[in-house]
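Input sequences plus hints: build the corresponding full structure.
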Amino acid sequence: MKYIKNSILPLLLFCFGTTFSQTTDSLSVSPNPFSSSTVIHFEIVQTDTITLQVLTMSAQVVETYFQSTVLPSGHYNINLIGDSLSDGMYLVHLEIGSSKSLNVKVVKKSSTISIEENLLLSNSLIFPNPTTNSLTIPTEGRKTIVLTDLNGKIVQKIETDKQTISLSSELEAGEYYITIVSSKNEIITTRIMVKNE
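My numbering applies: residue 313 is where the sequence shown begins, and numbers increase by one.
These are computed hints drawn from the structure, not numbers from a lab. It cannot be assumed that every hint is accurate.
Said to hold, decoys possible - If you anchor each label on the Cβ, the simulated ranges turn out as follows:
hint, residue 1, residue 2, range
1, Ser396, Leu483, 34 to 44 Å
2, Thr381, Glu487, 44 to 54 Å
3, Ser410, Lys496, 45 to 55 Å
4, Arg454, Thr381, 44 to 54 Å
5, Thr444, Glu498, 24 to 34 Å
6, Arg454, Pro384, 35 to 45 Å
7, Thr448, Val357, 40 to 50 Å
8, Arg454, Glu482, 33 to 43 Å
Stated by the list, open to error - Computed cross-link-like contacts, EDC-like style, restricted to lysine to aspartate or glutamate with a CA-CA straight-line distance of at most 20 Å:
hint, residue 1, residue 2
9, Lys465, Glu452
10, Lys474, Glu498
11, Lys496, Asp473
12, Lys417, Glu498
13, Lys421, Glu452
Ideal placement from N, C-alpha and C gives every residue a C-beta, glycine not left out.
Rendered as structure tokens:
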């Protein structure tokens, strides 16, 4: 592992090598929503020219991490510090070469949650995100997982005590809300999930 620091990029973590077995390029952001910082994670399967930016929903660039930079294949994690960002929705935009781009919507909101709630949220991340057919939700115990489309229609509901679930084979590619509900019928978290082909 190698760490690089500069004034624009608080933390960039490179993780390449023999453990890399990703077969498709991917982009995810977690936690999402976030209050002060979040991690942008992307994976590229071959050396390519990368542009990575954070934009407002009106396409105004608020942060550029890479601009037409050649990177080797591997896993990359970047801390997005949100202290200077207003509350609202942003777009993390990754361009790979000249023909491929990936986007993830991310919500920044001021935090008023307690330390206990924050710990609960940090333990309720879902991955991989984006995904193709399964999700890991490292939340212990019995829970209900509800997937809805962006209009609020329930497309899949699962009650389980497992930490890995399979998505419905009929679920089309796109963005969904995933809500995790505890056995006491309390919402643990709601996040945006992206399903790939």
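Outcome of the hint check:
Restraint check, serine 396 to leucine 483: a C-beta distance of roughly 37 Å satisfies the suggested window 34 to 44 Å. Against the hinted window of 44 to 54 Å, the Cβ-Cβ separation of threonine 381 and glutamate 487 comes to about 27 Å, which falls outside the hint. The supplied range of 45 to 55 Å is met by serine 410 and lysine 496, whose beta-carbon atoms lie about 51 Å from each other. Between arginine 454 and threonine 381 the CB atoms are about 46 Å apart, so this pair conforms to the stated range of 44 to 54 Å.
Distance hint check: the CB atoms of threonine 444 and glutamate 498 are about 30 Å apart, consistent with the given range 24 to 34 Å. For arginine 454 and proline 384, the Cβ-Cβ distance of about 43 Å falls inside the hinted range of 35 to 45 Å, so the restraint holds. The hinted range of 40 to 50 Å is not satisfied by threonine 448 and valine 357, whose Cβ atoms lie roughly 21 Å apart. For the hinted restraint 33 to 43 Å between arginine 454 and glutamate 482, the CB-CB distance of approximately 25 Å leaves it violated.
The hinted pair formed by lysine 465 and glutamate 452 fails the criterion: a straight-line CA distance of about 26 Å is larger than 20 Å. Note on lysine 474 and glutamate 498: the hinted pairing holds, with a Cα-Cα distance of about 18 Å set against a maximum of 20 Å. Between lysine 496 and aspartate 473, the direct Cα distance comes to roughly 13 Å. Compliance with the 20 Å bound is thereby established for this hinted pair. Taking the CA atoms of lysine 417 and glutamate 498, the gap is about 25 Å. The hint is violated against a cut of 20 Å.
A threshold of 20 Å between alpha carbons decides the hint, and for lysine 421 with glutamate 452 the separation of about 26 Å lies outside it, so the pair is violated.
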